Structures are given as structure tokens and as C-alpha cells.
Amino acid sequence: MESITIQKSDVESIIAKYNHSRGGLIGVLEEVQALYSYLPGEALEIIADQTEHTLVDIFGVATFYKSFSLKPRGKHLCSICMGTACHVRGGPIIEEEFQRQLGIKAGETTADKEITSETVNCLGACALGPIVVVDGHYFSNVNTADVKKIIRKTRKGLDKISIKGDERIFPIKISCSRCNHSLMDPKYPIDDYPSIKVTMSFGRKHGWLRLTSLYGSYNTESEYSIPEDEVLNFFCPHCHGELIGASHCPECSTVMVSMLIQGGGILQVCPREGCRGHLLDV
Amino acid sequence: MINLKINGLTTSVEKGTSLLEAARFLGFPIPTLCHMDGLKPYGACRLCVVEIGEGSKAKLVTSCTYHAEEGLKVRTATERVVRARRMILELLLASTPQSKIIQDLASEHHVMQQRFRQEHEDCILCGLCVRMCKEQMAAGAIGFRGRGTERSIGTPFDVKSEDCRLCGGCIYVCPACQLRCTYNNPDQAICGGCANLAAPCIEELKYNDLMCYMKPCVACEIVEYEKEKQIKIK
Numbered sequence: 005m006e007s008i009t010i011q012k013s014d015v016e017s018i019i020a021k022y023n024h025s026r027g028g029l030i031g032v033l034e035e036v037q038a039l040y041s042y043l044p045g046e047a048l049e050i051i052a053d054q055t056e057h058t059l060v061d062i063f064g065v066a067t068f069y070k071s072f073s074l075k076p077r078g079k080h081l082c083s084i085c086m087g088t089a090c091h092v093r094g095g096p097i098i099e100e101e102f103q104r105q106l107g108i109k110a111g112e113t114t115a116d117k118e119i120t121s122e123t124v125n126c127l128g129a130c131a132l133g134p135i136v137v138v139d140g141h142y143f144s145n146v147n148t149a150d151v152k153k154i155i156r157k158t159r160k161g162l163d164k165i166s167i168k169g170d171e172r173i174f175p176i177k178i179s180c181s182r183c184n185h186s187l188m189d190p191k192y193p194i195d196d197y198p199s200i201k202v203t204m205s206f207g208r209k210h211g212w213l214r215l216t217s218l219y220g221s222y223n224t225e226s227e228y229s230i231p232e233d234e235v236l237n238f239f240c241p242h243c244h245g246e247l248i249g250a251s252h253c254p255e256c257s258t259v260m261v262s263m264l265i266q267g268g269g270i271l272q273v274c275p276r277e278g279c280r281g282h283l284l285d286v
Numbered sequence: 192m193i194n195l196k197i198n199g200l201t202t203s204v205e206k207g208t209s210l211l212e213a214a215r216f217l218g219f220p221i222p223t224l225c226h227m228d229g230l231k232p233y234g235a236c237r238l239c240v241v242e243i244g245e246g247s248k249a250k251l252v253t254s255c256t257y258h259a260e261e262g263l264k265v266r267t268a269t270e271r272v273v274r275a276r277r278m279i280l281e282l283l284l285a286s287t288p289q290s291k292i293i294q295d296l297a298s299e300h301h302v303m304q305q306r307f308r309q310e311h312e313d314c315i316l317c318g319l320c321v322r323m324c325k326e327q328m329a330a331g332a333i334g335f336r337g338r339g340t341e342r343s344i345g346t347p348f349d350v351k352s353e354d355c356r357l358c359g360g361c362i363y364v365c366p367a368c369q370l371r372c373t374y375n376n377p378d379q380a381i382c383g384g385c386a387n388l389a390a391p392c393i394e395e396l397k398y399n400d401l402m403c404y405m406k407p408c409v410a411c412e413i414v415e416y417e418k419e420k421q422i423k424i425k
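Protein sequences, first through last, are from chains D and A.
First residue of the first sequence: 5, per the numbering used here; consecutive thereafter.
First residue of the second sequence: 192, per the numbering used here; consecutive thereafter.
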């Protein structure tokens with residue numbers, strides 16, 4: 005197994021941040037884990053050297069808390085909820101499906117060091133169970149068919165969108181192109197910004213869909229799990245008119261959905277699930 | 192000085208004295224497993240429970256960690272206390288039946304059988320060895336690891352600790368005896384004393400009437416039993 009080289013100075017600077025104090029142990033361990041994705045034994049020895057703690061105390065703390073790992077973890081962490089509510093709603097079946105799809109047991113990491121799956125005991129969103137959390141992104145009402153999609157999304161990367169340090173990402177405000185009513189929903193943020201609320205339908209299903217208002221992010225949340233490649237119809241939740249545009253998606257030539265940008269401009273997005281095609285005219 | 196009553200006897204003790212020390216000073220016996228003079232009280236085995244308070248406020252506390260308070264009324268052997276102790280002993284017997292110390296304590300308290308699923312643990316997680324290692328031997332080589340049902344005592348990463356001086360103090364204080372006496376696995380042994388001085392009863396079958404010198408330990412019997420079992424399987 006390839007091992008990570010531990011830079012002594014990195015660990016030392018983390019310890020120095022906590023003034024070598026006794027109370028800072030968990031903080032130090034958290035930062036070391038953030039740096040290496042796990043707690044390497046060498047790092048624990050350095051901490052024992054530089055603080056008042058003995059190695060055995062540090063090891064005790066590291067094994068006591070489930071969020072610390074002494075084994076190398078993959079790039080993405082996939083937590084499957086096994087709390088009481090998620091358990092009765094089918095958590096174990098989801099876990100089994102993850103095992104089957106990834107070929108690993110809970111707590112293990114895939115051979116390509118990409119995904120670590122683990123079971124957790126509650127994520128505090130019991131009404132939405134079974135819950136799966138990947139790198140801080142919540143997937144609710146997961147069924148076995150969703151597992152494949154979640155794994156694909158995980159491999160693609162679900163990193164948090166940060167508007168700091170990337171000027172191509174910025175928040176926009178959206179109105180209905182028919183009634184000009186604002187579609188922004190500050191009560192339901194996605195990526196920490198008010199989401200764009202529309203109603204959508206596909207097949208015989210009809211429900212809400214919320215899109216991120218960050219231009220550059222592709223995060224959406226929906227009442228239903230949407231099958232891949234399904235083309236959705238978008239409606240305004242206020243005037244109930246269909247938000248249909250004139251242009252075709254540059255990537256898959258589906259007819260695009262158009263919405264007005266408050267302050268001038270038109271945003272068109274592809275309504276096909278999984279397609280990232282979009283046009284922005286300011 | 193603090194005045195308190197233990198089983199109706201008035202006594203005065205210094206501030207910071209534990210109820211266990213006060214009661215033993217007066218000659219009232221309180222059984223303990225995880226307590227040892229010279230080590231910090233830990234309150235793990237719960238055998239030293241006593242009843243304090245009166246009426247509906249009466250409650251059980253561990254006397255080793257409870258400090259004497261002014262006017263406190265302590266009872267060391269009420270029916271409730273005895274029942275609690277017997278239950279604890281029964282549970283200890285269920286988890287660690289081979290410990291001579293626990294067996295003796297159980298028979299002293301008239302616990303002759305236990306009603307729970309029999310397990311064969313070799314550790315009651317009393318923490319005596321951990322405290323011995325840290326406080327008296329100033330080594331800090333072993334400690335608690337994990338939590339819940341996976342809680343165990345050992346060295347970090349299960350490798351021989353550099354802090355360990357092979358003093359054997361941990362085995363000396365252990366009430367469950369075989370805790371870290373890994374006679375049958377000498378590679379992982381911390382002290383290895385018994386492996387160097389093999390018991391005569393193992394060496395020569397003709398001495399099979401010899402009592403094992405490793406009192407109260409029955410490690411050799413278990414090894415023999417395992418060997419026989421493996422032979423039978425083959």
C-alpha cells in the first residue's frame with residue numbers, strides 16, 4: 005500500500021496553532037485528518053512528542069470518536085444512515101446496494117482510493133430517510149435505483165461550490181419569463197444562496213424542483229428522484245405557465261427552458277436530467 | 192474536619208476523604224475490584240456502591256469516588272446495596288468467569304450461579320493496569336482504545352510500546368488475571384515472564400499432579416485444552 009509522506013513541519017505548525025495546549029487535542033487531530041484524510045501513526049507520534057499527551061491517550065481519543073480514521077480514506081466519503089428512522093425506511097437495503105455496487109464493505113475504501121463508504125447512526129434528517137451524505141451533500145429518500153446515480157455523481161465530484169476565489173461563479177436572481185414574478189426562494193438555500201423554485205413534471209409525477217442560483221454550479225434538489233436522461237417540463241409556480249424557450253441545447257439539442265434574470269438578461273438551461281447545457285445572455 | 196454517619200456510627204474525617212476510606216477505617220467491609228491504594232479512584236467496577244440520603248432521596252453512589260460530606264448518612268450493607276452488588280457480581284461472572292478473584296467475591300456474596308449468556312472475556316475494563324502503568328510506573332504504555340463493545344486495553348496500534356519497561360505491574364494488579372498475560376502468544380507478550388519460565392506441568396506429563404505455581408492463573412490449562420481440542424478436530 006502506498007503511504008503518504010508525513011511532513012513533520014506541517015503537523016508541527018498545526019500543533020503550534022493550538023499553543024501546545026492540553027485542550028486542543030481534538031482540534032489538532034481534526035486538522036491533521038483534514039490534511040491527510042486520515043490520522044497517520046507517524047503524525048500521532050509527533051503530536052505525542054510535542055504536547056503533554058502520551059501516545060496512548062491520543063490513540064484512545066482517535067479510536068473513541070468515529071469521525072477519526074486511522075486507516076487511509078478515499079477522496080470521497082459516503083455516509084449511509086443506519087439510524088432508527090432510516091433503518092426502518094430501508095437503510096440496510098441501501099447499504100447492501102452500496103456494498104454490491106462498490107464491491108466493498110462499510111468502512112472500507114475502494115481499490116482506486118476514490119470512495120470510502122461508512123455507516124453512521126443518525127444524520128439528523130430522519131423525515132427524509134433513508135439518507136446518504138456524500139462529501140456534505142445530502143441525498144434524501146434514497147432507493148436502490150438511486151445508488152448507482154449517487155456513486156456516479158460522487159466519482160464526478162460533488163465538491164462544495166465556493167464563489168470566493170473563482171470569478172466565473174456568481175449568484176443571479178431569476179424571474180418567470182411569463183409573469184415576471186420572482187422565482188427566488190430565500191427560505192430554501194442551495195450552496196448557501198436562495199434557490200430558484202419552479203414546478204416540474206415528468207411522466208405522471210409533478211412536484212417542486214429547486215435550482216442553485218449560483219451561475220457555475222449545477223446543484224439541484226427535487227421532490228422526486230429524477231431518472232437519468234429524463235426531459236422535464238418546467239412551470240412557474242405562480243402563473244403556472246410553462247417556462248419554455250425557443251433555442252435548443254448546444255449539447256443535446258433538447259428545447260431549453262428560459263427564465264429572466266432580474267436586472268436584465270435571459271438564462272436558458274437544458275431540462276434534460278444530467279445535461280449541463282445552458283446559455284446566458286446578459 | 193467533616194462529620195458524617197456511617198451505618199449509624201458518627202465519625203469525622205478530613206476533607207477529601209472518600210466514603211470507601213472512611214468506611215474501611217471504621218471496619219465496615221466494602222468489596223472492590225478497581226480500587227487500589229496509591230492509584231486514583233476510577234469508579235469502574237461499581238462493586239463499592241453504598242446508599243446515601245434518606246427516604247425517597249436515598250440513592251446508590253460509588254463510595255470510592257464519593258467524597259465525605261458534612262452530615263451525610265451512609266449505609267454500606269442495606270438490602271438495596273447488597274442486591275446491587277450481587278447483580279454486578281453476577282454480570283461479572285457472566286463476562287469473565289475464569290477470574291479467581293471474581294469467583295471468590297461472588298461466593299462471598301452467595302452468588303452461586305448466573306442467569307446470563309456465558310461469555311469468556313479476559314478483561315473487565317476496570318482500568319487498574321492503565322492507572323498502574325501511568326501513575327505508579329510513570330510509563331503510560333497501555334490505555335483504553337475504542338468505545339462501546341469494542342473498548343479494549345492495549346498499546347497503540349497493538350505493537351510493543353517503547354514506553355513499556357516490562358515491569359509486569361499491569362499483570363500484577365489485574366483482577367481478571369489473564370488480561371495481558373499472553374503466554375500462549377509470546378510474540379505479542381509484554382512481559383513474557385511465564386514463557387521464559389515454562390510451568391513444569393506443561394513440560395513433563397509425569398508432573399501432572401503438580402499445582403501450577405502461577406497462582407490464580409489457569410493459562411496453562413486453557414492452552415492444554417485448546418491443544419486437545421485441535422487434536423480432536425484433526
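Because the hints were derived from the structure by calculation, they are not lab data.
Everything numeric in this text was worked out from a predicted model, so none of it was measured.
There's no promise every hint is true.
EDC-like cross-link-like pairs, simulated, lysine to aspartate or glutamate; straight-line CA separation at most 16 angstroms [said to hold, decoys possible]: (1) K70(D) <-> E341(A); (2) K351(A) <-> D196(D); (3) K75(D) <-> D349(A); (4) K206(A) <-> E260(A); (5) K231(A) <-> E212(A); (6) K75(D) <-> E46(D); (7) K177(D) <-> D189(D); (8) K157(D) <-> E118(D); (9) K177(D) <-> D150(D).
Over 12 angstroms on every C-beta distance to chain D, these chain A residues come out as not near it, computed from the model [unchecked claim]: (10) M278; (11) G334; (12) E341.
Built from N, CA and C at the ideal position, the CB exists for glycine as well.
Hint check results:
| no. | hint | in the structure |
| --- | --- | --- |
| 1 | K70(D) <-> E341(A) | 12 angstroms, holds |
| 2 | K351(A) <-> D196(D) | 49 angstroms, violated |
| 3 | K75(D) <-> D349(A) | 14 angstroms, holds |
| 4 | K206(A) <-> E260(A) | 8 angstroms, holds |
| 5 | K231(A) <-> E212(A) | 13 angstroms, holds |
| 6 | K75(D) <-> E46(D) | 13 angstroms, holds |
| 7 | K177(D) <-> D189(D) | 10 angstroms, holds |
| 8 | K157(D) <-> E118(D) | 12 angstroms, holds |
| 9 | K177(D) <-> D150(D) | 30 angstroms, violated |
| 10 | M278 | 28 angstroms, holds |
| 11 | G334 | 3 angstroms, violated |
| 12 | E341 | 8 angstroms, violated |
Going through the hint list in order, the structure does not satisfy hints 2, 9, 11 and 12.
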